[in-house]
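Engineer: Sequence:
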Amino acid sequence: MREIVISILLVLLGNLIFAIAINAVVIPNQLGEGGITGFSLFFLYVFGWNNAVVSFIANTILLIVGWTYLEKRTIIYTLLSIVAMSLFLQYVNIGTFVPENTLVAPLVAGFLIGLGIGIVILGNGTTAGTDIIALIMNKYLGISVSRAFLILDVLILIPLTFVIGLEKGVLTIGTLLVTSQTLSFILEGSNPRKAVTIISDHHEEIATRLTKKLDRGVTIMNGYGFYTKHEKHIIYIVINQRQLLTLQKIIHEIDSKAFVTVADIHQVTGEGFTFFIDAEAVENPALTAGSVSEP
Numbered sequence: 000m001r002e003i004v005i006s007i008l009l010v011l012l013g014n015l016i017f018a019i020a021i022n023a024v025v026i027p028n029q030l031g032e033g034g035i036t037g038f039s040l041f042f043l044y045v046f047g048w049n050n051a052v053v054s055f056i057a058n059t060i061l062l063i064v065g066w067t068y069l070e071k072r073t074i075i076y077t078l079l080s081i082v083a084m085s086l087f088l089q090y091v092n093i094g095t096f097v098p099e100n101t102l103v104a105p106l107v108a109g110f111l112i113g114l115g116i117g118i119v120i121l122g123n124g125t126t127a128g129t130d131i132i133a134l135i136m137n138k139y140l141g142i143s144v145s146r147a148f149l150i151l152d153v154l155i156l157i158p159l160t161f162v163i164g165l166e167k168g169v170l171t172i173g174t175l176l177v178t179s180q181t182l183s184f185i186l187e188g189s190n191p192r193k194a195v196t197i198i199s200d201h202h203e204e205i206a207t208r209l210t211k212k213l214d215r216g217v218t219i220m221n222g223y224g225f226y227t228k229h230e231k232h233i234i235y236i237v238i239n240q241r242q243l244l245t246l247q248k249i250i251h252e253i254d255s256k257a258f259v260t261v262a263d264i265h266q267v268t269g270e271g272f273t274f275f276i277d278a279e280a281v282e283n284p285a286l287t288a289g290s291v292s293e294p
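Everything in the sequence shown is counted per numbering that gives the first Met the number 0, starting at 0 for the first residue and increasing by one.
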């Protein structure tokens, strides 16, 4: 029960911050947005339609369309998010922020939007919106979810740019970039994880040094070099960003010819890292940490 209450409070808080960003920064500065928010802003700027109402109707339709793509719990939190967002957009008005420097507004807007979305996701909530369309495009058109997000944002931003002007359109892109970075910081922290794969004939020595120096578990797997026709030993280790330089130095000292790949990790759980208590929250990754689409 306590976890449910915390989740609800986080979803409400995140949507409140998002609504403040739209009402106090985005709209007064005639900026745009991606997702359903950008869609509703288009009708606000062109026809004067209430963006809270447009957002509610559009999100509700998408929720109905994507009903089969969501888990029961996800549907409940998504519905809560839709209602909360619409009410906050309609009734929360703390004033406006219109700085003299035009570059400040998109920075502030992007930060607040990313913060709001991040808090919603931490509360096991979803932002609905174009997320559902992206899932449908992925299933029936074979387009990756991340690329689908990009396509949808572009389709919304292009006509919106004709309304707000090229300068505001460029500033809106800046807002989206800041939103993405803020969201990544909230979900991944200031010290993101890296997955490192190492192929070397000195695997034992490298693994021993890495274990002692970095205090991280190391996995050694058997491999086979197709070109050389020789057996290979592959080292796999997950570290944080700050440990990467130390790892590279260790490898170079032992085997400067070692084959090394480094990949970004968006989420890691287990011993030595964060444990996920609620597995149900990640059953649909496209609607959780992988999503940066605005509601």
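I should point out that these hints are in silico values taken from the structure, not numbers from a laboratory. Any given hint might turn out to be false.
[Unchecked claim] With a straight-line Cα cutoff of 27 Å, these simulated DSSO-like cross-link-like pairs (lysine-lysine) come out:
1) K211 / K138
2) K228 / K211
3) K167 / K211
4) K248 / K212
5) K167 / K193
6) K231 / K212
7) K212 / K228
[To be verified] With beta-carbon atoms standing in for the labels, derived distance ranges:
8) I63 / Y223: 20 to 28 Å
9) I60 / V103: 34 to 42 Å
10) V153 / D214: 38 to 46 Å
In this text, a Cβ means the ideal position worked out from N, Cα and C, and glycines have one as well.
Engineer: Could you run down the list of hints and mark each one as holding or not?
Structural biologist: Each hint, compared with the structure:
1. K211 / K138: Judged against 27 Å, a Cα distance of about 45 Å means the pair is violated.
2. K228 / K211: Given that 27 Å is the threshold and the Cα spacing comes to 32 Å, the pair is violated.
3. K167 / K211: Measuring from Cα to Cα gives roughly 52 Å; hence the hint is violated.
4. K248 / K212: At roughly 11 Å apart (the allowed maximum being 27 Å), K212 and K248 satisfy the hint.
5. K167 / K193: 36 Å, violated
6. K231 / K212: Given that 27 Å is the threshold and the Cα spacing comes to 24 Å, the pair holds.
7. K212 / K228: 33 Å, violated
8. I63 / Y223: 20 to 28 Å: Because 51 Å falls outside the window, the suggested range is violated.
9. I60 / V103: 34 to 42 Å: Holds: the Cβ-Cβ distance is about 35 Å, inside 34 to 42 Å.
10. V153 / D214: 38 to 46 Å: 44 Å, holds
Of the numbered hints given earlier, the model fails hints 1, 2, 3, 5, 7 and 8; all others are met.
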